[in-house]
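Chemist: For reference, the chains in residue letters:
Number of protein chains: 2
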Amino acid sequence: MAQNISEITRRSRIASIDQAVLTNDQKNSILASISEALQTHKETIFAANQKDLDEAIETNLSAPLLGRLKFDEDKLSTVCDGIEQLIALADPVGETLLATELAEGLDLYRVSCPIGVIGVIFESRPDALVQISTLCLKSGNAVLLKGGSEAKYTNRALTDIIRKASLAAGGPEGWIHLLESHADVNALLDCDKDVDLLIPRGSNEFVQYIMANTQIPVLGHADGVCHTYIDSDVDFDMAIKVVIDAKTQYVSVCNATETILLNKNLSGQFVDTLIARLQEVGVTVYGDARIAEAYNVEEISEWHHEYLDMAVSVGYVDDLEAAIRHINMYGSGHTDAILTTDEDKARIFMARVDSGNVYWNCSTRFSDGFRYGFGAEVGVSTSKIHARGPVGLAGLSTYKYKLFGSGNTVDSFATGKCKFTHKPLNQSCPW
Amino acid sequence: MAQNISEITRRSRIASIDQAVLTNDQKNSILASISEALQTHKETIFAANQKDLDEAIETNLSAPLLGRLKFDEDKLSTVCDGIEQLIALADPVGETLLATELAEGLDLYRVSCPIGVIGVIFESRPDALVQISTLCLKSGNAVLLKGGSEAKYTNRALTDIIRKASLAAGGPEGWIHLLESHADVNALLDCDKDVDLLIPRGSNEFVQYIMANTQIPVLGHADGVCHTYIDSDVDFDMAIKVVIDAKTQYVSVCNATETILLNKNLSGQFVDTLIARLQEVGVTVYGDARIAEAYNVEEISEWHHEYLDMAVSVGYVDDLEAAIRHINMYGSGHTDAILTTDEDKARIFMARVDSGNVYWNCSTRFSDGFRYGFGAEVGVSTSKIHARGPVGLAGLSTYKYKLFGSGNTVDSFATGKCKFTHKPLNQSCPW
Chain A
40 MAQNISEITR RSRIASIDQA VLTNDQKNSI LASISEALQT HKETIFAANQ
90 KDLDEAIETN LSAPLLGRLK FDEDKLSTVC DGIEQLIALA DPVGETLLAT
140 ELAEGLDLYR VSCPIGVIGV IFESRPDALV QISTLCLKSG NAVLLKGGSE
190 AKYTNRALTD IIRKASLAAG GPEGWIHLLE SHADVNALLD CDKDVDLLIP
240 RGSNEFVQYI MANTQIPVLG HADGVCHTYI DSDVDFDMAI KVVIDAKTQY
290 VSVCNATETI LLNKNLSGQF VDTLIARLQE VGVTVYGDAR IAEAYNVEEI
340 SEWHHEYLDM AVSVGYVDDL EAAIRHINMY GSGHTDAILT TDEDKARIFM
390 ARVDSGNVYW NCSTRFSDGF RYGFGAEVGV STSKIHARGP VGLAGLSTYK
440 YKLFGSGNTV DSFATGKCKF THKPLNQSCP W
Chain B
40 MAQNISEITR RSRIASIDQA VLTNDQKNSI LASISEALQT HKETIFAANQ
90 KDLDEAIETN LSAPLLGRLK FDEDKLSTVC DGIEQLIALA DPVGETLLAT
140 ELAEGLDLYR VSCPIGVIGV IFESRPDALV QISTLCLKSG NAVLLKGGSE
190 AKYTNRALTD IIRKASLAAG GPEGWIHLLE SHADVNALLD CDKDVDLLIP
240 RGSNEFVQYI MANTQIPVLG HADGVCHTYI DSDVDFDMAI KVVIDAKTQY
290 VSVCNATETI LLNKNLSGQF VDTLIARLQE VGVTVYGDAR IAEAYNVEEI
340 SEWHHEYLDM AVSVGYVDDL EAAIRHINMY GSGHTDAILT TDEDKARIFM
390 ARVDSGNVYW NCSTRFSDGF RYGFGAEVGV STSKIHARGP VGLAGLSTYK
440 YKLFGSGNTV DSFATGKCKF THKPLNQSCP W
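One line per chain: the protein sequences are A and B, in this order. This note's numbering puts the last residue of the first sequence at 470; the count rises by one with no breaks. This note's numbering puts the last residue of the second sequence at 470; the count rises by one with no breaks.
It is possible that part of the hints are untrue.
Any copy will do: because identical chains look the same in the list, a pair fits if it lies in one copy or spans two.
As the list claims (entries may be wrong) - Within a straight-line C-alpha distance of at most 30 Å, the following computed DSS-like cross-link-like pairs (lysine-lysine) qualify:
#1 462 / 114
#2 280 / 456
#3 303 / 90
#4 462 / 191
#5 280 / 81
#6 114 / 81
#7 303 / 114
#8 203 / 232
#9 280 / 462
#10 114 / 456
#11 203 / 191
#12 232 / 90
Everything labelled a hint here was simulated from the structure, so no lab data went into it.
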């Protein structure tokens with residue numbers, strides 16, 4: 040049965056206004072109540088999850104997908120740990136970002152505030168529902184969630200528990216809502232008046248589809264073609280250790296390295312070892328013409344290629360500038376690393392590579408909200424507008440300007456009776 | 040002759056990478072060189088402007104539009120003052136926004152950086168070209184400009200002078216480019232790979248057209264339906280002074296008040312005076328049923344109405360909450376003010392009104408980049424994503440994450456060999 044989505048988003052908008060004035064203590068006590076309820080009602084969640092798993096087994100879902108769908112004691116404990124972390128984080132709302140005396144008796148403050156209503160469309164993992172909704176709660180945003188249909192029973196159970204626990208702890212009505220069908224999502228795309236931001240997670244095609252079919256701003260990433268550039272001045276052992284991690288630690292994710300760029304002056308012996316190590320651990324190497332010939336591997340047809348698998352593109356570049364040009368041309372602005380002992384080269388690389396995350400001497404796999412200390416993330420943004428990289432509480436906030444006057448008119452400035460002082464104020468917004 | 044816009048945006052992208060590494064001193068010396076060149080070549084500019092004015096007079100352009108088109112000593116002096124202000128402002132690029140030790144030997148910094156390539160489509164004022172391009176230069180962004188066709192000679196002269204002065208002072212090639220036709224703008228809308236942000240300034244219809252026809256993020260505002268709410272606890276003289284300013288100081292702009300909301304407990308005598316004063320200064324009053332009847336004025340048909348003229352909607356609301364609901368329902372999220380002596384009511388109003396600029400006891404006309412001390416603005420954003428309110432240097436910046444490692448792998452954390460510390464670092468990013 041189709042839901043009346045424009046009516047629901049209108050209610051979300053109203054809830055978001057109430058959420059905007061919740062204090063940090065109020066939000067933390069709602070979060071604590073949610074964590075407690077999830078543990079109290081865990082058997083309900085596990086039973087709902089079993090129904091999803093039974094159906095998934097009947098439809099021959101693959102083992103990795105079954106693993107992602109499963110919501111057990113371990114997943115419960117992980118999401119509850121995540122909630123504890125969120126409680127410990129500072130309130131992202133109400134922070135004074137700028138304070139200026141515009142003139143005598145006229146003080147301006149830029150103050151962080153929630154965005155409002157956020158729609159998140161995510162994949163099969165039901166634990167993501169808890170992470171996303173609690174991030175939205177702590178940042179003061181109402182959220183409309185659409186999870187994978189294979190997790191529908193679990194998602195319903197989780198949403199129901201979160202909603203009731205939140206109400207019991209004094210949270211506003213209607214800040215969390217679960218969408219259930221593709222028709223609901225399509226209807227959501229038209230609600231640009233009451234939805235401020237969409238965060239689609241999933242395949243490249245899916246994200247592109249959302250972007251092409253809505254006027255609501257979309258945050259997220261279409262793909263992750265991450266690079267690791269190995270400079271000629273490098274610690275060989277470190278380089279091999281880091282590259283193997285960046286490529287193989289978990290291959291089906293957006294921050295895994297998909298292209299290894301080699302400085303042309305690297306020793307043949309080092310490159311021999313690198314290729315051998317990659318192949319030893321099961322990575323299929325695709326090369327530029329020189330690599331393809333030297334190591335008898337298949338030649339690359341296209342550099343902008345996201346394998347999400349045990350495979351990698353390897354090619355030579357003439358120098359640092361060529362590496363930077365290559366990454367800015369063929370990358371996706373996600374995460375790119377330089378491995379070098381030369382600080383100057385690292386500095387130039389990190390300044391000129393136009394990506395959300397630029398690394399020196401470490402694995403591209405670190406670009407993740409948990410690893411960055413953000414508690415969790417609603418996604419990784421490769422957009423350059425609003426939020427970049429892993430998006431946690433800060434990326435779910437915006438700001439408003441608060442101006443405190445004493446009867447000031449613009450005319451009195453236009454006629455020269457008053458003068459702007461534009462003096463920085465060393466104080467926070469009074470409220 | 041149509042320009043090859045995708046080739047031009049590609050060159051802008053390349054220029055933007057060079058701009059990203061300019062130091063503040065370099066940018067300031069380019070700005071000083073531009074200011075000097077504008078003054079040295081002022082006769083060239085004035086002559087070009089005369090050609091535009093001659094053509095405009097032939098085509099019977101209205102007097103206010105002729106005033107906007109004119110570029111004379113006064114306008115020159117204003118834009119050069121603006122450049123001086125920009126030079127005095129801190130570099131928006133390279134600011135450390137977050138610093139965290141993720142683990143031993145693994146430091147994360149969130150550092151501000153330019154957005155990249157920005158397209159600005161603006162109205163007839165040629166002085167806007169100087170303001171926008173110098174804001175983009177100081178914030179490290181390449182800019183594609185399309186001004187009003189009635190200012191084409193002036194815009195060409197200004198762009199030419201800015202480009203040459205910038206090159207002479209060591210600025211990168213290709214960071215500023217003038218588009219000349221509607222066909223150029225339409226081609227620009229398709230360049231989502233090389234253009235990061237569009238800022239259209241102009242009519243509601245025009246902005247809506249841009250938003251509907253591009254996948255590039257759009258910053259700006261469609262309309263400005265600003266409100267002034269007069270509470271029952273208010274200083275009457277102050278309220279009348281501020282409302283008259285908010286409505287009449289300059290009527291054709293987005294931050295002029297279009298709706299006055301009156302608390303129903305305001306004295307009849309005050310409302311009599313207010314309406315009389317508005318009508319005295321030439322404002323046509325439209326009222327809700329009660330106002331329409333009491334003052335024999337026309338009744339409002341629609342609350343979301345931007346007059347941009349000497350006209351205003353006036354209506355009663357039951358209380359503060361009703362005023363907030365009205366503004367959140369019918370406003371455009373631009374600028375809304377409360378006039379009251381009651382601090383609690385002001386606090387609630389400013390927390391719950393979901394607009395980019397919320398004011399206490401002053402005129403809505405203050406929401407402007409110059410008045411906010413931003414030097415100038417590229418526009419006022421009513422979007423909630425990325426930048427809100429007047430958009431100056433900060434709104435033209437984004438950030439990237441820089442991660443400084445020492446050979447760190449994610450595997451060493453996954454296997455428990457290393458532990459995340461997530462310790463705040465009390466230091467700026469080293470470079």
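Chemist: Are there hints from earlier that the structure breaks, and if so, what are their numbers?
Modeler: 3, 4, 5, 7, 12
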